[in-house]
Amino acid sequence: MASRSSKATAASARDRARAEAERIRAEQAKKERRTRAILIAGAVALVALIVAAGILIAQQVNRSYLEDVQVRPANSDLHGGISVGADGAAGTANDGAPVLNVYLDFMCPHCVEFEAVNAADLTELREAGDLTVVYHPVAIVDPGAAGASQRSAIAAAAVANYAPEQFAAFIDAVFAFQEQEIVALSDDQLAEIAADVDVPQDAIDTFTDGQYPEWVEAATNQMERDTGNRSTPQVLLDGEVLDVTWTEPGVLREAIEAAAGGA
1115 MASRSSKATA
1125 ASARDRARAE
1135 AERIRAEQAK
1145 KERRTRAILI
1155 AGAVALVALI
1165 VAAGILIAQQ
1175 VNRSYLEDVQ
1185 VRPANSDLHG
1195 GISVGADGAA
1205 GTANDGAPVL
1215 NVYLDFMCPH
1225 CVEFEAVNAA
1235 DLTELREAGD
1245 LTVVYHPVAI
1255 VDPGAAGASQ
1265 RSAIAAAAVA
1275 NYAPEQFAAF
1285 IDAVFAFQEQ
1295 EIVALSDDQL
1305 AEIAADVDVP
1315 QDAIDTFTDG
1325 QYPEWVEAAT
1335 NQMERDTGNR
1345 STPQVLLDGE
1355 VLDVTWTEPG
1365 VLREAIEAAA
1375 GGA
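Counted the way this note's numbering counts, the sequence shown spans residues 1115 to 1377.
Treat the hints as calculated values from the structure; they're not laboratory data.
Glycine included, every Cβ here is placed at the ideal spot set by N, Cα and C.
Take these hints with a grain of salt, some might be off.
Claimed, not checked - Pair ranges (Cβ atoms, derived): (1) D1319 - A1374: 32 to 42 Å; (2) D1209 - Q1315: 45 to 55 Å; (3) R1150 - N1343: 48 to 58 Å; (4) T1359 - I1154: 55 to 65 Å; (5) G1243 - T1322: 51 to 61 Å; (6) E1338 - A1374: 27 to 37 Å; (7) E1338 - V1185: 18 to 28 Å; (8) D1312 - A1242: 22 to 32 Å; (9) E1238 - A1260: 36 to 46 Å; (10) A1230 - Q1184: 15 to 25 Å; (11) Q1315 - E1293: 35 to 45 Å.
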(Lines of atoms letter the chains of each structure in order from A and count residues from 1; the text may use other names and numbers.)
(Lines give C-alpha, C1' and ligand atoms only; values in the text may rest on other atoms or scores of the structure.)
Protein backbone atom coordinates (compact mmCIF):
# COMPACT_ATOMS: atom_id res chain seq x y z
CA MET A 1 0.00 0.00 0.00
CA ALA A 2 2.79 2.33 0.92
CA SER A 3 4.43 1.56 -2.38
CA ARG A 4 1.25 2.31 -4.35
CA SER A 5 0.72 5.50 -2.36
CA SER A 6 4.28 6.53 -2.95
CA LYS A 7 3.92 5.90 -6.68
CA ALA A 8 0.68 7.87 -6.81
CA THR A 9 2.32 10.75 -4.98
CA ALA A 10 5.25 10.69 -7.41
CA ALA A 11 2.87 10.60 -10.41
CA SER A 12 0.91 13.49 -8.97
CA ALA A 13 4.12 15.45 -8.48
CA ARG A 14 5.14 14.75 -12.07
CA ASP A 15 1.75 15.88 -13.28
CA ARG A 16 2.04 19.03 -11.26
CA ALA A 17 5.54 19.60 -12.55
CA ARG A 18 4.41 19.06 -16.13
CA ALA A 19 1.46 21.39 -15.59
CA GLU A 20 3.75 24.02 -14.07
CA ALA A 21 6.23 23.61 -16.91
CA GLU A 22 3.41 23.97 -19.42
CA ARG A 23 2.14 27.05 -17.59
CA ILE A 24 5.62 28.55 -17.62
CA ARG A 25 6.01 27.77 -21.35
CA ALA A 26 2.61 29.34 -22.06
CA GLU A 27 3.53 32.43 -20.05
CA GLN A 28 6.89 32.65 -21.83
CA ALA A 29 5.23 32.26 -25.22
CA LYS A 30 2.71 34.95 -24.29
CA LYS A 31 5.52 37.30 -23.24
CA GLU A 32 7.42 36.58 -26.45
CA ARG A 33 4.33 37.29 -28.55
CA ARG A 34 3.77 40.52 -26.62
CA THR A 35 7.44 41.49 -27.07
CA ARG A 36 7.30 40.70 -30.80
CA ALA A 37 4.13 42.77 -31.13
CA ILE A 38 5.76 45.69 -29.34
CA LEU A 39 8.90 45.41 -31.49
CA ILE A 40 6.88 45.19 -34.71
CA ALA A 41 4.73 48.16 -33.70
CA GLY A 42 7.85 50.11 -32.78
CA ALA A 43 9.51 49.22 -36.09
CA VAL A 44 6.39 50.24 -38.04
CA ALA A 45 6.23 53.51 -36.12
CA LEU A 46 9.93 54.14 -36.76
CA VAL A 47 9.56 53.44 -40.48
CA ALA A 48 6.54 55.74 -40.62
CA LEU A 49 8.52 58.43 -38.81
CA ILE A 50 11.46 58.04 -41.19
CA VAL A 51 9.15 58.18 -44.23
CA ALA A 52 7.39 61.26 -42.85
CA ALA A 53 10.73 62.93 -42.13
CA GLY A 54 11.95 62.05 -45.62
CA ILE A 55 8.81 63.51 -47.19
CA LEU A 56 9.18 66.68 -45.11
CA ILE A 57 12.85 67.04 -46.05
CA ALA A 58 12.04 66.46 -49.73
CA GLN A 59 9.27 69.03 -49.57
CA GLN A 60 11.61 71.56 -48.00
CA VAL A 61 14.33 70.84 -50.57
CA ASN A 62 11.87 71.21 -53.45
CA ARG A 63 10.12 74.20 -51.92
CA SER A 64 10.87 77.49 -53.64
CA TYR A 65 12.39 80.36 -51.69
CA LEU A 66 9.86 82.56 -53.46
CA GLU A 67 6.83 80.88 -51.90
CA ASP A 68 7.34 82.93 -48.73
CA VAL A 69 7.74 86.24 -50.56
CA GLN A 70 4.72 88.42 -49.96
CA VAL A 71 5.11 90.69 -53.00
CA ARG A 72 6.10 89.06 -56.28
CA PRO A 73 5.97 90.75 -59.69
CA ALA A 74 3.23 89.64 -62.03
CA ASN A 75 4.43 87.43 -64.86
CA SER A 76 7.16 85.83 -62.71
CA ASP A 77 7.36 82.19 -61.63
CA LEU A 78 8.45 80.50 -58.41
CA HIS A 79 12.00 80.17 -59.73
CA GLY A 80 12.38 83.91 -60.15
CA GLY A 81 11.97 83.60 -63.92
CA ILE A 82 10.11 85.95 -66.25
CA SER A 83 9.27 84.31 -69.58
CA VAL A 84 9.34 86.11 -72.91
CA GLY A 85 7.82 84.91 -76.15
CA ALA A 86 7.69 86.27 -79.67
CA ASP A 87 6.33 89.73 -78.84
CA GLY A 88 8.84 90.42 -76.06
CA ALA A 89 6.23 90.82 -73.35
CA ALA A 90 6.79 89.48 -69.86
CA GLY A 91 4.75 86.39 -69.06
CA THR A 92 4.45 85.18 -72.66
CA ALA A 93 5.85 82.03 -74.28
CA ASN A 94 6.17 80.29 -77.63
CA ASP A 95 4.25 77.02 -77.41
CA GLY A 96 6.30 73.93 -78.15
CA ALA A 97 9.58 75.83 -78.47
CA PRO A 98 12.71 75.07 -76.41
CA VAL A 99 12.91 77.04 -73.18
CA LEU A 100 16.13 78.86 -72.30
CA ASN A 101 16.46 80.00 -68.69
CA VAL A 102 19.07 82.72 -68.35
CA TYR A 103 20.24 83.93 -64.91
CA LEU A 104 21.77 87.39 -65.26
CA ASP A 105 23.17 90.16 -63.08
CA PHE A 106 23.15 93.56 -64.75
CA MET A 107 26.46 94.41 -63.03
CA CYS A 108 28.21 91.20 -64.12
CA PRO A 109 30.87 91.67 -66.85
CA HIS A 110 30.38 88.09 -68.03
CA CYS A 111 26.63 88.68 -68.34
CA VAL A 112 27.30 91.78 -70.43
CA GLU A 113 29.55 89.65 -72.62
CA PHE A 114 26.89 86.93 -72.82
CA GLU A 115 24.34 89.44 -74.08
CA ALA A 116 26.77 91.05 -76.52
CA VAL A 117 27.54 87.66 -78.08
CA ASN A 118 24.10 86.04 -77.98
CA ALA A 119 21.33 88.63 -77.64
CA ALA A 120 20.75 89.05 -81.39
CA ASP A 121 20.46 85.27 -81.91
CA LEU A 122 18.12 84.85 -78.94
CA THR A 123 15.93 87.70 -80.11
CA GLU A 124 15.75 86.33 -83.64
CA LEU A 125 14.85 82.82 -82.48
CA ARG A 126 12.34 84.17 -79.98
CA GLU A 127 10.62 86.49 -82.45
CA ALA A 128 10.39 83.63 -84.95
CA GLY A 129 8.56 81.55 -82.35
CA ASP A 130 11.45 79.07 -82.08
CA LEU A 131 12.47 79.84 -78.51
CA THR A 132 11.06 81.02 -75.19
CA VAL A 133 13.57 82.93 -73.09
CA VAL A 134 13.06 83.04 -69.32
CA TYR A 135 15.08 85.83 -67.72
CA HIS A 136 16.08 85.63 -64.06
CA PRO A 137 17.33 89.01 -62.79
CA VAL A 138 19.54 88.30 -59.75
CA ALA A 139 21.89 90.24 -57.47
CA ILE A 140 25.32 88.69 -57.03
CA VAL A 141 27.98 91.28 -57.93
CA ASP A 142 26.61 94.26 -56.00
CA PRO A 143 23.79 93.00 -53.73
CA GLY A 144 22.12 94.66 -50.77
CA ALA A 145 19.61 97.47 -50.48
CA ALA A 146 21.96 100.07 -51.97
CA GLY A 147 23.62 97.71 -54.45
CA ALA A 148 23.29 98.36 -58.15
CA SER A 149 22.71 94.65 -58.84
CA GLN A 150 19.69 94.61 -56.57
CA ARG A 151 18.32 97.97 -57.69
CA SER A 152 18.55 97.07 -61.37
CA ALA A 153 16.94 93.66 -60.76
CA ILE A 154 14.16 95.45 -58.85
CA ALA A 155 13.68 97.76 -61.84
CA ALA A 156 13.36 94.72 -64.14
CA ALA A 157 10.77 93.21 -61.79
CA ALA A 158 8.82 96.46 -61.80
CA VAL A 159 8.82 96.58 -65.60
CA ALA A 160 7.59 92.97 -65.73
CA ASN A 161 4.76 93.90 -63.38
CA TYR A 162 3.73 97.37 -64.55
CA ALA A 163 4.93 97.53 -68.17
CA PRO A 164 5.20 93.90 -69.34
CA GLU A 165 5.14 94.81 -73.05
CA GLN A 166 8.48 96.62 -72.61
CA PHE A 167 10.19 93.91 -70.58
CA ALA A 168 12.47 92.38 -73.24
CA ALA A 169 13.29 95.83 -74.60
CA PHE A 170 14.28 96.98 -71.11
CA ILE A 171 16.55 93.96 -70.56
CA ASP A 172 18.26 94.59 -73.92
CA ALA A 173 18.60 98.32 -73.24
CA VAL A 174 20.23 97.86 -69.85
CA PHE A 175 22.84 95.51 -71.27
CA ALA A 176 23.39 97.73 -74.31
CA PHE A 177 24.11 100.58 -71.90
CA GLN A 178 26.53 98.41 -69.93
CA GLU A 179 28.36 97.35 -73.09
CA GLN A 180 29.73 100.89 -73.39
CA GLU A 181 31.20 100.79 -69.90
CA ILE A 182 30.05 98.70 -66.97
CA VAL A 183 28.91 101.08 -64.25
CA ALA A 184 26.99 100.81 -61.00
CA LEU A 185 23.72 102.01 -62.47
CA SER A 186 22.07 104.78 -60.51
CA ASP A 187 18.33 105.12 -60.05
CA ASP A 188 18.36 108.03 -62.49
CA GLN A 189 20.20 106.00 -65.11
CA LEU A 190 17.77 103.09 -64.74
CA ALA A 191 14.86 105.49 -65.09
CA GLU A 192 16.39 107.04 -68.21
CA ILE A 193 17.04 103.64 -69.82
CA ALA A 194 13.46 102.61 -69.10
CA ALA A 195 12.04 105.84 -70.52
CA ASP A 196 14.08 105.34 -73.71
CA VAL A 197 12.23 102.05 -74.38
CA ASP A 198 8.81 103.57 -73.64
CA VAL A 199 8.30 102.29 -70.11
CA PRO A 200 5.57 104.61 -68.75
CA GLN A 201 6.55 107.08 -66.05
CA ASP A 202 4.11 105.63 -63.53
CA ALA A 203 5.91 102.28 -63.89
CA ILE A 204 9.33 103.96 -63.57
CA ASP A 205 8.16 105.65 -60.37
CA THR A 206 7.81 102.21 -58.76
CA PHE A 207 11.51 101.36 -59.21
CA THR A 208 12.34 102.89 -55.84
CA ASP A 209 9.18 102.25 -53.84
CA GLY A 210 10.57 99.18 -52.08
CA GLN A 211 8.28 96.51 -53.47
CA TYR A 212 10.70 93.87 -54.73
CA PRO A 213 13.96 93.66 -52.70
CA GLU A 214 12.75 90.51 -50.93
CA TRP A 215 11.82 88.99 -54.28
CA VAL A 216 15.27 89.70 -55.73
CA GLU A 217 16.98 88.14 -52.70
CA ALA A 218 14.79 85.04 -52.88
CA ALA A 219 15.27 84.74 -56.65
CA THR A 220 19.03 84.93 -56.16
CA ASN A 221 18.94 82.14 -53.57
CA GLN A 222 16.67 80.10 -55.83
CA MET A 223 19.22 80.38 -58.64
CA GLU A 224 21.77 78.54 -56.51
CA ARG A 225 19.23 75.81 -55.73
CA ASP A 226 18.20 75.45 -59.40
CA THR A 227 21.66 75.56 -60.96
CA GLY A 228 23.97 74.43 -58.16
CA ASN A 229 25.95 77.60 -58.67
CA ARG A 230 26.02 81.14 -57.35
CA SER A 231 27.71 82.88 -60.23
CA THR A 232 26.36 84.49 -63.38
CA PRO A 233 25.53 83.95 -66.13
CA GLN A 234 23.88 80.56 -65.74
CA VAL A 235 22.07 79.03 -68.72
CA LEU A 236 19.62 76.13 -68.68
CA LEU A 237 18.08 74.68 -71.83
CA ASP A 238 14.85 72.78 -71.21
CA GLY A 239 15.76 72.44 -67.54
CA GLU A 240 19.31 71.18 -68.01
CA VAL A 241 22.45 73.22 -67.32
CA LEU A 242 23.86 74.03 -70.74
CA ASP A 243 27.57 73.32 -71.01
CA VAL A 244 28.59 75.11 -74.19
CA THR A 245 31.11 77.81 -75.02
CA TRP A 246 28.61 80.63 -75.22
CA THR A 247 31.41 83.17 -75.69
CA GLU A 248 31.79 81.95 -79.28
CA PRO A 249 29.20 83.49 -81.60
CA GLY A 250 26.64 80.98 -82.88
CA VAL A 251 27.49 78.14 -80.48
CA LEU A 252 24.55 78.78 -78.17
CA ARG A 253 22.23 79.18 -81.14
CA GLU A 254 23.37 75.83 -82.54
CA ALA A 255 22.61 74.12 -79.24
CA ILE A 256 19.12 75.67 -79.15
CA GLU A 257 18.39 74.72 -82.76
CA ALA A 258 19.62 71.16 -82.10
CA ALA A 259 17.20 70.94 -79.16
CA ALA A 260 14.37 72.22 -81.32
CA GLY A 261 15.20 69.66 -84.00
CA GLY A 262 15.24 66.87 -81.42
CA ALA A 263 11.88 67.96 -80.11
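Status of each hint after checking the structure:
no., hint, result
1, D1319 - A1374: 32 to 42 Å, "holds (40 Å)"
2, D1209 - Q1315: 45 to 55 Å, "violated (34 Å)"
3, R1150 - N1343: 48 to 58 Å, "holds (52 Å)"
4, T1359 - I1154: 55 to 65 Å, "holds (59 Å)"
5, G1243 - T1322: 51 to 61 Å, "violated (36 Å)"
6, E1338 - A1374: 27 to 37 Å, "holds (29 Å)"
7, E1338 - V1185: 18 to 28 Å, "holds (22 Å)"
8, D1312 - A1242: 22 to 32 Å, "holds (23 Å)"
9, E1238 - A1260: 36 to 46 Å, "holds (37 Å)"
10, A1230 - Q1184: 15 to 25 Å, "violated (36 Å)"
11, Q1315 - E1293: 35 to 45 Å, "violated (26 Å)"
In summary, the structure is inconsistent with hints 2, 5, 10 and 11 from the numbered list given earlier, while agreeing with the others.
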